[in-house]
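Participant: Okay, here's what each chain looks like letter by letter:
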Amino acid sequence: MVRELSVALGKLKLKNPVMTASGTFGYGEEYAQFVDLNALGAVVVKGISLKPMEGNPSPRICETSCGMLNAIGLQNIGVKKFLKEKLPYLRQFDTKIVVNVFGSTVQEYLRLSKMLDDAGVDGIELNVSCPNVKKGGIAFGTDRKVLARLVSTVKKAVKNAVVITKLSPNVPSIPEFSRTVEEAGSDVISLINTLPGMAIDIETRKPKLANVTGGLSGPAIKPVAVRMVWEAARSVAVPVIGIGGIVKTEDAIEFMLAGASAIQVGTGNFINPRATVEIAQGIATYLEKNGINDIKDLIGKLHVF
Amino acid sequence: MNSYFRAKVLSNTPLNANTFLLILQPVEQVREPVPGQFYMIETGSSYDPLLKRPFSYLRRTPEGIQFLYSIRGKGTRLMRDFQPGKNVQAIGPLGNGYPKAGTRNTPVLIAGGTGVASIFSLAAQLPSKAYILYGARCNEDLILLNEVKELEHRDIVCIDCTDDGSCGMKGTVIDALNELIATDFSRIPSPLLYACGPRPMLESLSQIAREKELKGYVSLEEHMACGFGACLGCTVSTVKGNKRVCKEGPVFPIREIVW
Ligand SMILES: Cc1cc2nc3c(=O)[nH]c(=O)nc-3n(C[C@H](O)[C@H](O)[C@H](O)COP(=O)(O)OP(=O)(O)OC[C@H]3O[C@@H](n4cnc5c(N)ncnc54)[C@H](O)[C@@H]3O)c2cc1C
Ligand SMILES: Cc1cc2nc3c(=O)[nH]c(=O)nc-3n(C[C@H](O)[C@H](O)[C@H](O)COP(=O)(O)O)c2cc1C
Ligand code: FES
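As you go down the protein sequences, you meet chains A and B in turn. Here this note's numbering is used: the first residue of the first sequence is 1, the next is one more, and so on. Here this note's numbering is used: the first residue of the second sequence is 306, the next is one more, and so on.
Just so you know, the hints here were simulated from the structure itself, not pulled from any lab data. Owing to the predicted nature of the structure, the values given are computational and were not obtained by experimental measurement. Keep in mind that a hint or two might mislead.
As the list claims (entries may be wrong) - Partner residues aside, some chain B positions facing chain A, computed with beta carbon under 7 Å: (1) 308; (2) 309; (3) 310; (4) 349; (5) 352; (6) 353; (7) 355; (8) 356; (9) 527; (10) 528; (11) 531; (12) 538; (13) 547.
To be verified - Calculated from the model, a selection of chain B residues having no Cβ within reach of chain A, i.e. all distances over 10 Å: (14) 366; (15) 432; (16) 462; (17) 493; (18) 540.
Stated by the list, open to error - Taking lysine-lysine pairs in the DSSO-like style, the calculated list, with each CA pair at most 30 Å apart, reads: (19) A/13 <-> A/114; (20) A/208 <-> B/454; (21) B/552 <-> A/206; (22) A/84 <-> B/552; (23) A/13 <-> A/155; (24) B/548 <-> A/84; (25) A/248 <-> A/296.
Backbone N, C-alpha and C define an ideal beta-carbon position, used for all residues, glycine too.
Pulled out of the complex, with its shape left as it was, chain B reads as follows:
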């Protein structure tokens, strides 16, 4: 089983102006990921960009490993041009992944923007009753809305929202959560939060968690050089000292993070 492996690009499909679905097919024996884990992916073969970029996996199918990425800078711009058949080096699966909920817990999943990739990897494996709050700036950015809605067959309540109100509720996922808390929450048995999204969203969420004494986990992002615990470049401060997002994380108990 190789953690550093070569893969072939199977497809690289635009889902909207800025977001792509990438499917990589490993050409070696690889380890299987668990929800919340990520991979370091090579974006170019020259020295600029130099480092691989971290991406959560979205789905693992017999055919390959799926990723959802949005264009941010140099590296992701090069990924946009990946053609089927191209060889890329990758490292993974990396990080700890989401801890399993207890049988009495009701998972409440919260995804903002491309954070949906990581949250979806978890949602797809939930056995029973759960909630998923999914928000983005606008209609077009709710790229996985159909897939998320399909989960409703499995007793998963989906609440979608957009900043501009072009789809679902108008407001952020934090607004949606506050709304849920104000209405239905007391009827949800032992809610357990799982969240991934932009940092300000996670920070607001941790405040709510503290006020309402909610338990749960957040998946964090930090700049990474290695992705496997060697460089100490990706630390986040926690109540138990500095921790590596790539190794002890990316998933942390929500109340451990010092924002």
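One chain only, chain A, in its complex shape:
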């Protein structure tokens, strides 16, 4: 019996719900030696800005209990180089291409999104939640008025690509912010980005990151992420993508039961560069074992007491 693994993110159809999380999968190329990119629902590439960015000084990462802190500072090659050098490579594969974008003004987000839409990418993920840069990023994600203006401006200008808003976990109310972006026209909501954190070396008394603070990711944040995905999914009608600490099949299923239509694997790729394809296979096995014919029968099917 062939199990149905495809899911829909608005008009974007994925062959399976497994996506990669931005910033953990490079531009796809880095993983071609480990996984068949054709086996992924979608590849979400590292955050792109209009101009190339050098990012933060090192050390940029440090490990913490069951997680890691990063302060990469959105280093990237800029949209022009991405379109010329990286997009053609990704196009060879039978997978959807989602580009994560960020800017320091609404106009920058708009210009970027238009360029990428014209280039024919399948999805645009608005990063309004990066904790590691002073301008832009999180500033957009934590003010509902600004966020609504950003999302509606981009949505109006984008013709073909699906618009995904990546919510910040640093907001007072996930349901309210989810509804805000839905009303502003976002086709899909993804969450969560990293949680701001900090670690100190007690011998040197220095922070472990040159940037002092960084974003926490990995298994340590999973319970927070599952809760937020559950809150978002029950507050809006648009599809939700679950992100945060997904390493194994069981984690992915947990997010889908909480209401996620698709999931993204981030830090998990560093632990096991084959995590994405193993999760995709694992989901198929889970459906088989539980006699579920269509993965859509799993989404949001949490039994609350």
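Based on the hints, put chain B with the ligands in the right spot on chain A.
Facilitator: Relative to chain A, chain B with the ligands alone:
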């Protein structure tokens, strides 16, 4: 050929109180490393520690891949307890490795502490006349001294030194290099430096290289999450902008690094 592979621990032998020789035998087809490359090794199967740890390979034999590691923190403490037969996941070979010296060059290798693992992988493959400067804190920490001395059969001059003078010359490898420069250096045809060791050592070396207009390469260390170029966590600043130590490195032309 798999870059992400399963391996069996063949042996894990203490060489001194803090340093071990680990031999991993891949149980899958793997790619062959070149000197200066490294592997990411899983230290435990739980989520703490979460990430694999980077280690240069020391030697590749038909039997397995050899590593030299010293105990630093959580991950290496777990490695100390690796028993023969244990399965571990590893990724590699990774990074660029040392560029080959020209036929007219005389390689001058400089190893500080466990940096000797990376330098030894290169030394073992040198075809002809070369120098190797090997330093550590004390006698017991010159763990590969016998192996390095054996290279003398192949016209490789070995100069060893310790901070406390318990073996060889008293002083650091930087002192040893300055000494060599003051004495024999003018007679060495086109010296080309290759160095691996603690950051302060490499930084002093780059200063000497600049002053004396010497060419060469340094192998750097930086904290790593992935090890294969995806996370941008391991960058170092160079005259050509930020570069990934795990991908464009770990070996860089000595005068490109902005310290
Ligand atoms: C390319 C490369 C090759 C290496 N080759 C060798 C080798 O052949 N033999 C060997 O013994 N070690 C080598 N190292 C260093 C080794 O990776 C670290 O000692 C190890 O990751 C420490 O892990 P831990 O869990 O024990 O320590 P942690 O608990 O992670 O940290 C303990 C202390 O070590 C510091 N530290 C952690 N990782 C690094 C690092 N990569 N560079 C510098 N300081 C670090 C931490 O800041 C902390 O102060 C190499 C590193 C790199 C990047
Ligand atoms: C090294 C690193 C770089 C990241 N870069 C980005 C980025 O450029 N844009 C973005 O929206 N999120 C970025 N993230 C956040 C991840 O996409 C993801 O939301 C977060 O890590 C939580 O998922 P995880 O626990 O599975 O890693 C980054 C995360 C890490 C660890
Ligand atoms: S460790 Fe991830 S890019 Fe180098």
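Participant: State for each hint whether it applies.
Facilitator: For each hint, the structure was consulted:
For residue 308 of chain B, the interface hint holds, since its Cβ comes within 7 Å of a Cβ in chain A; the closest pair sits about 5 Å apart. A cut of 7 Å between beta carbons decides the hint on residue 309 of chain B: the least distance to chain A is about 5 Å, and the hint holds. Contact between residue 310 of chain B and chain A, as hinted, is not supported at the beta carbon level, the nearest pair being about 11 Å apart and thus beyond 7 Å. Because the smallest distance between the Cβ of residue 349 of chain B and any Cβ of chain A comes to about 11 Å, over 7 Å, the interface hint for this residue is violated.
For residue 352 of chain B, the interface hint holds, since its Cβ comes within 7 Å of a Cβ in chain A; the closest pair sits about 4 Å apart. Checking residue 353 of chain B against chain A: minimum C-beta separation of about 5 Å stays under 7 Å; hint holds. Of the supplied interface hints, the one on residue 355 of chain B holds, with its beta-carbon coming within about 6 Å of a beta-carbon of chain A, less than 7 Å. At its closest, the beta carbon of residue 356 of chain B sits 6 Å from a beta carbon of chain A; the interface hint therefore holds under the 7 Å criterion.
A least Cβ separation of about 6 Å between residue 527 of chain B and chain A falls short of the 7 Å threshold, and the interface hint therefore holds. Given hint, residue 528 of chain B at the interface with chain A, holds; its Cβ is 5 Å from that chain's nearest Cβ, closer than 7 Å. A cut of 7 Å between beta carbons decides the hint on residue 531 of chain B: the least distance to chain A is about 4 Å, and the hint holds. The beta carbon of residue 538 of chain B is positioned within 7 Å of a beta carbon in chain A (closest approach about 4 Å), and the interface hint is therefore held.
Interface hint at residue 547 of chain B: satisfied, since its Cβ lies 6 Å from the closest Cβ of chain A, which is below the 7 Å cut-off. With a cut of 10 Å on Cβ distances, residue 366 of chain B stays outside the contact zone with chain A, its closest approach being about 24 Å. Every CB of chain A is more than 10 Å from the CB of residue 432 of chain B (nearest about 31 Å), matching its label as outside the interface. The claim that residue 462 of chain B is not at the interface with chain A holds, since no C-beta of that chain comes within 10 Å of its own (minimum 35 Å).
The claim that residue 493 of chain B is not at the interface with chain A holds, since no C-beta of that chain comes within 10 Å of its own (minimum 34 Å). With a least beta-carbon separation of about 6 Å from chain A, residue 540 of chain B fails to lie farther than 10 Å from that chain, contradicting its non-interface assignment. Of the pairs offered as hints, the one joining residue 13 of chain A and residue 114 of chain A holds, with about 21 Å between alpha carbons and a cut-off of 30 Å not exceeded. With a C-alpha separation of about 39 Å, the suggested pair residue 208 of chain A and residue 454 of chain B falls outside the 30 Å cut-off, and the hint is violated.
Under the criterion of a C-alpha separation no larger than 30 Å, the hint pairing residue 552 of chain B with residue 206 of chain A is consistent with the structure, at around 28 Å. The suggested pairing of residue 84 of chain A with residue 552 of chain B holds, with an alpha-carbon distance near 21 Å, which does not exceed 30 Å. The hinted pair formed by residue 13 of chain A and residue 155 of chain A meets the criterion: a straight-line CA distance of about 19 Å does not exceed 30 Å. The suggested pairing of residue 548 of chain B with residue 84 of chain A holds, with an alpha-carbon distance near 20 Å, which does not exceed 30 Å.
For the suggested pair residue 248 of chain A and residue 296 of chain A, the alpha carbons sit about 19 Å apart, so the restraint of at most 30 Å is met.
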